[in-house]
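Here the protein sequences line up with chains A, B, C and D, keeping their order. For the record, in the first sequence the residue sitting at position 11 is 11 according to our numbering, with numbers rising by one throughout. For the record, in the second sequence the residue sitting at position 66 is 66 according to our numbering, with numbers rising by one throughout. For the record, in the third sequence the residue sitting at position 53 is 53 according to our numbering, with numbers rising by one throughout. For the record, in the fourth sequence the residue sitting at position 156 is 156 according to our numbering, with numbers rising by one throughout.
Hints may contain errors.
[Said to hold, decoys possible] Distance condition first, Cα-Cα at most 30 Å in a straight line; then the derived BS3-like pairs of lysine-lysine:
{"no.": "1", "chain 1": "A", "residue 1": "Lys296", "chain 2": "C", "residue 2": "Lys80"}
{"no.": "2", "chain 1": "C", "residue 1": "Lys114", "chain 2": "A", "residue 2": "Lys34"}
{"no.": "3", "chain 1": "A", "residue 1": "Lys239", "chain 2": "A", "residue 2": "Lys172"}
{"no.": "4", "chain 1": "C", "residue 1": "Lys46", "chain 2": "A", "residue 2": "Lys206"}
Keep in mind the hints are simulated off the structure, nothing from the lab.
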Amino acid sequence: MREKATTLYIGPQHPGITGNMMVRLKIEGDTIVKATTEVGYLHRAFEKLQEKRNWLQSFTLMCRFCVPETDPMEELYARAVETIEGREVPERAKYIRVMVLELARLASFMLWYGGQNGSLGLYTMGQWSVGDRNYILDLFEELTGGRVYHMYIWPGGVRRDLPKGFEQKVLKTMDYLEKRLDDYDDLMFDNAIFKKRTKGVGIVDKETAIEHGVVGPVLRGCGIRSDIRIDDPYEVYDKLDFIVPTQEGADIWARALVRRQEARQSIRIIRQVIDMMPGGPVYNKIPNPQKWTLPKGDAYVRVESVRGEVGLYAASDGGLNPRRIHVRGAAYVHAITLLEDVLVGENIADVSAIMNSLGTCPPEIER
Amino acid sequence: MINDKNSQKIADFIKNWARKHSIWVLAYGTGCGAIEIPPTMTSRYDAERLGVRGAATPRQADVLLITGYLTTKTLKRVIRVYEQMQDPKYVIGFGSCTINGGMYYDSYNTIKVLDKYLPVDVYINGCMPRPEAVLAGFGKLQQLIAEGKANGAQKYKDDHEYYRGNLRKIIGNKYEMPLYNW
Amino acid sequence: MKEIKADLISKIKASFDNVTEKDYDGNRLDFHVETRIIPQILTYLKVNLGYIHLSHISCVDWLEDGEFEIVYIVWSPEDKLKVFIKTRIDRETGVLPNIDMIWRQANTYERELKEMFGIEVDGLVAADEFLLEDWEGLPPMRRDFDTEAYADETFWHRPGREDAMDVREAIIERSREEIPDFAKKYSR
Amino acid sequence: MESVGYYILGVIVTIIVAFMVGMTYMGLSRKITARVQNRKGPPFYQNFIDAFKLASKETAIHHGFMHHAGPAFLMVASIMSVLIIPVLNDGKWFPNLNFDGDLIFLLYIMVFGPLGMALGAGQTGNPNSAIGVTRGLSQMVGFEIPWVMALVALMMQYQTTSLVDLMAVQQTTGWLMFSSPFAFLAAVLAMLGMFRYSPFDIVGAPTELASGPVSENGGKYLFTMMSSGSIFAFAKLTLYVDLFMGGADNLIELLIKTFTIYLIPMLYGMVSPRYRTEQAIRYFWGWPLFFGFLALVHAMVF
Numbered sequence: 001m002r003e004k005a006t007t008l009y010i011g012p013q014h015p016g017i018t019g020n021m022m023v024r025l026k027i028e029g030d031t032i033v034k035a036t037t038e039v040g041y042l043h044r045a046f047e048k049l050q051e052k053r054n055w056l057q058s059f060t061l062m063c064r065f066c067v068p069e070t071d072p073m074e075e076l077y078a079r080a081v082e083t084i085e086g087r088e089v090p091e092r093a094k095y096i097r098v099m100v101l102e103l104a105r106l107a108s109f110m111l112w113y114g115g116q117n118g119s120l121g122l123y124t125m126g127q128w129s130v131g132d133r134n135y136i137l138d139l140f141e142e143l144t145g146g147r148v149y150h151m152y153i154w155p156g157g158v159r160r161d162l163p164k165g166f167e168q169k170v171l172k173t174m175d176y177l178e179k180r181l182d183d184y185d186d187l188m189f190d191n192a193i194f195k196k197r198t199k200g201v202g203i204v205d206k207e208t209a210i211e212h213g214v215v216g217p218v219l220r221g222c223g224i225r226s227d228i229r230i231d232d233p234y235e236v237y238d239k240l241d242f243i244v245p246t247q248e249g250a251d252i253w254a255r256a257l258v259r260r261q262e263a264r265q266s267i268r269i270i271r272q273v274i275d276m277m278p279g280g281p282v283y284n285k286i287p288n289p290q291k292w293t294l295p296k297g298d299a300y301v302r303v304e305s306v307r308g309e310v311g312l313y314a315a316s317d318g319g320l321n322p323r324r325i326h327v328r329g330a331a332y333v334h335a336i337t338l339l340e341d342v343l344v345g346e347n348i349a350d351v352s353a354i355m356n357s358l359g360t361c362p363p364e365i366e367r
Numbered sequence: 001m002i003n004d005k006n007s008q009k010i011a012d013f014i015k016n017w018a019r020k021h022s023i024w025v026l027a028y029g030t031g032c033g034a035i036e037i038p039p040t041m042t043s044r045y046d047a048e049r050l051g052v053r054g055a056a057t058p059r060q061a062d063v064l065l066i067t068g069y070l071t072t073k074t075l076k077r078v079i080r081v082y083e084q085m086q087d088p089k090y091v092i093g094f095g096s097c098t099i100n101g102g103m104y105y106d107s108y109n110t111i112k113v114l115d116k117y118l119p120v121d122v123y124i125n126g127c128m129p130r131p132e133a134v135l136a137g138f139g140k141l142q143q144l145i146a147e148g149k150a151n152g153a154q155k156y157k158d159d160h161e162y163y164r165g166n167l168r169k170i171i172g173n174k175y176e177m178p179l180y181n182w
Numbered sequence: 001m002k003e004i005k006a007d008l009i010s011k012i013k014a015s016f017d018n019v020t021e022k023d024y025d026g027n028r029l030d031f032h033v034e035t036r037i038i039p040q041i042l043t044y045l046k047v048n049l050g051y052i053h054l055s056h057i058s059c060v061d062w063l064e065d066g067e068f069e070i071v072y073i074v075w076s077p078e079d080k081l082k083v084f085i086k087t088r089i090d091r092e093t094g095v096l097p098n099i100d101m102i103w104r105q106a107n108t109y110e111r112e113l114k115e116m117f118g119i120e121v122d123g124l125v126a127a128d129e130f131l132l133e134d135w136e137g138l139p140p141m142r143r144d145f146d147t148e149a150y151a152d153e154t155f156w157h158r159p160g161r162e163d164a165m166d167v168r169e170a171i172i173e174r175s176r177e178e179i180p181d182f183a184k185k186y187s188r
Numbered sequence: 001m002e003s004v005g006y007y008i009l010g011v012i013v014t015i016i017v018a019f020m021v022g023m024t025y026m027g028l029s030r031k032i033t034a035r036v037q038n039r040k041g042p043p044f045y046q047n048f049i050d051a052f053k054l055a056s057k058e059t060a061i062h063h064g065f066m067h068h069a070g071p072a073f074l075m076v077a078s079i080m081s082v083l084i085i086p087v088l089n090d091g092k093w094f095p096n097l098n099f100d101g102d103l104i105f106l107l108y109i110m111v112f113g114p115l116g117m118a119l120g121a122g123q124t125g126n127p128n129s130a131i132g133v134t135r136g137l138s139q140m141v142g143f144e145i146p147w148v149m150a151l152v153a154l155m156m157q158y159q160t161t162s163l164v165d166l167m168a169v170q171q172t173t174g175w176l177m178f179s180s181p182f183a184f185l186a187a188v189l190a191m192l193g194m195f196r197y198s199p200f201d202i203v204g205a206p207t208e209l210a211s212g213p214v215s216e217n218g219g220k221y222l223f224t225m226m227s228s229g230s231i232f233a234f235a236k237l238t239l240y241v242d243l244f245m246g247g248a249d250n251l252i253e254l255l256i257k258t259f260t261i262y263l264i265p266m267l268y269g270m271v272s273p274r275y276r277t278e279q280a281i282r283y284f285w286g287w288p289l290f291f292g293f294l295a296l297v298h299a300m301v302f
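Throw the hints in and build the complete structure from the sequences for me.
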């Protein structure tokens, strides 16, 4: 019998891929019958390198784990170290951390707006949102000195206090972005073709979601209300008032709706945090990093990033260097087993859209 | 008359001028530097006004932008991609990790010096380089092209043994690289 | 939280032998168990007690003890409790039971354990290679694998990094200049 | 003798004008798209630079004869169609080779280019090309039907198969756009597909198929395709103006009219994601086909 299926490689060099990875598709006509992901193109061996660095040096590697959203990684590391050591964080630093984390979430949402629509051919959206994302990066630049890598949330608090008048700038940017988000809605969510392309595509139902350990917007898109910020609250999230949106559709459209609401919730949280921000110190000084040892022990902390739950397992043997740092990215489960299962039966035209919707972020898988 | 030196010069000048103002960058985010490429292409920095735009496949591209560290696994693909590109072609190394390994200097899986494997025309340093730096890198490349000095592809042809030998040292004998027939 | 933990401990202890627990502040509880009962205890936690989310599988290489410590972290959305299941296996001969029929995503973790630590997983069906390609020699995440030596041997280094340990000192040494006052303010 | 020389000169002028206009329009579309997207955008002559650069690139790929011939087919088809379509109402500067029944010939020749391209793309061995070609052809089936129906309606209504006759009719009765509105609607909707802007750009959708049929083509091949594409665009736009907007008396009028038509697919494309192939076909077999039927009925009744 003649083999009807042909093999199509998406990636690693491909405009539609969400990073440097590869999906090998077996297709019959336009339908995918088998999908295999191949990762490892970005394996830099962070976790090995961190064993060779001391506790502060390995912190600078931390934010490079996942580029679209670097602050949750710093937060993870800082909190893991604080948990092992029992170090207190000043109250003001906690609020600043939440603000930075939410700004990072918002920036990442803007990137997602671009990616999701770019994968469906609506390039105008990407140009708008990625352009507007610069305003958030400007804030980061003023606060931390860097656009992408901040190294701001570090063990013991944050690196420095807010500059003068920073809060007003943040609020002004939030006002602008809120207006822009409405524009995005006009272009994207009121778009009949976008609706047609995304409804009923890339379905992750509840059973699959639980079986695969799905997290974040993908889980909320199938109707399960789960958010680390509420379930396992960290910093000051338990004092804040925000909604965790859910949708029932379980397809790309539902996940898009979830993210759309979440972006607005982020703005709401940032406003609240600035309103409630207490005074005081921001940094509980760590000892000389060259001699800084942590007690023997381990910790597992989690943060809600845009793609979902990101966890970090840190183990210390009482020495100068970490014994083991192990990051569990949200994409780690989404991009391999889940993607392989979800892609079966879909049209090849939707591969890129599904990948964007699931939030596959290769650097996070490979580390 | 056509092949006479002066007219050749004029033809080269015009060709280089066109090449300078039309730089198609291959859409291949090899590393984390890929995150600063969308801002470079979009509204605030808008590289398209300088003639820089993306190309989907290596056949159509002029510039291979190595955005950051290269793992050995990616290196093989990058070199295949580079060899599929058509002359004239240029390589831009982006980020500290392409220059000297950056913070991955002791990693077992990333290369440290890009120009051992590919002829790099322009390096952009920084971790992460800002979009302004990227634009400045493209400006430098344009300048080199206009002066006719961006001849990395020629270097690759001349010293092909050297580049391939360096690659072979890393990837061992297991992985078969196809022959480069240009 | 106290009651939930006590309840969980009693239930686990009633069902399995040789389990020692360790309590922590907050929503964390550790169980040290034998390797062979890992699938049973995880199934029990998932099916009977509502720990439906496998959050993480990690591995720590305790070279001094000659053992790997495998950590399974499960989470219950109802109890809001993180449960760590820890087990130790021998570095050379240890075999881990496969749990990817309980949680599908465990497959990925096990592939990584196999490749990065060289841990055999009993009955794992997956491609040989995960992150590395054509890797020969010691699995890289083992502690006795020296990444720096490997990198020195395999790759070229551009000269000029040797004195980059502290940039400020290097600058002073090179140019015989003092750190300017404005820079001193930011140096911790 | 004189007339032959005049014809040859006229043909060359026509091709050059078509090339220049088509390229400029594409450049303008890039500029306008950029303005919509909040950025400055490339200069309007950027496409000429790109084309020149592509032409000056070396090409060292060989995939067999059809791969080389594919772009040539496209070029031939574009030039044929631009020569048959009358550029201006009086053929003084732009002599054309039109004859009775040229509308039917046009229908064929406009399909010929993509078919040749399909042959060429098939031989490159790149799966992206092959899939892109299949999509292109199936999408063509979608928009060709309303387009043919619109043309047939016009032919039936005015009892002619000659473009020049149709243009002559419009000199007396006014624009066909108003006298046979359904044919116009069907044709305009079909045009959206013909120009392959979003939402009907799945043929070369970058995020799915790299760049579809042209994946393996760079350098001179891409230059040939680009220039034949711009000539073809000019031909199509002129055809629309000739058919429905009464032709043009001078170049300025032609440019205004063609650019107005060109704006429709361009602006629509800026705000639309792309349809999948079967969705696109379903779209064309919805309202456009309905208008095509109405046009036929209209033609039969009047």
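Hints violated by the structure (numbers, ascending): none
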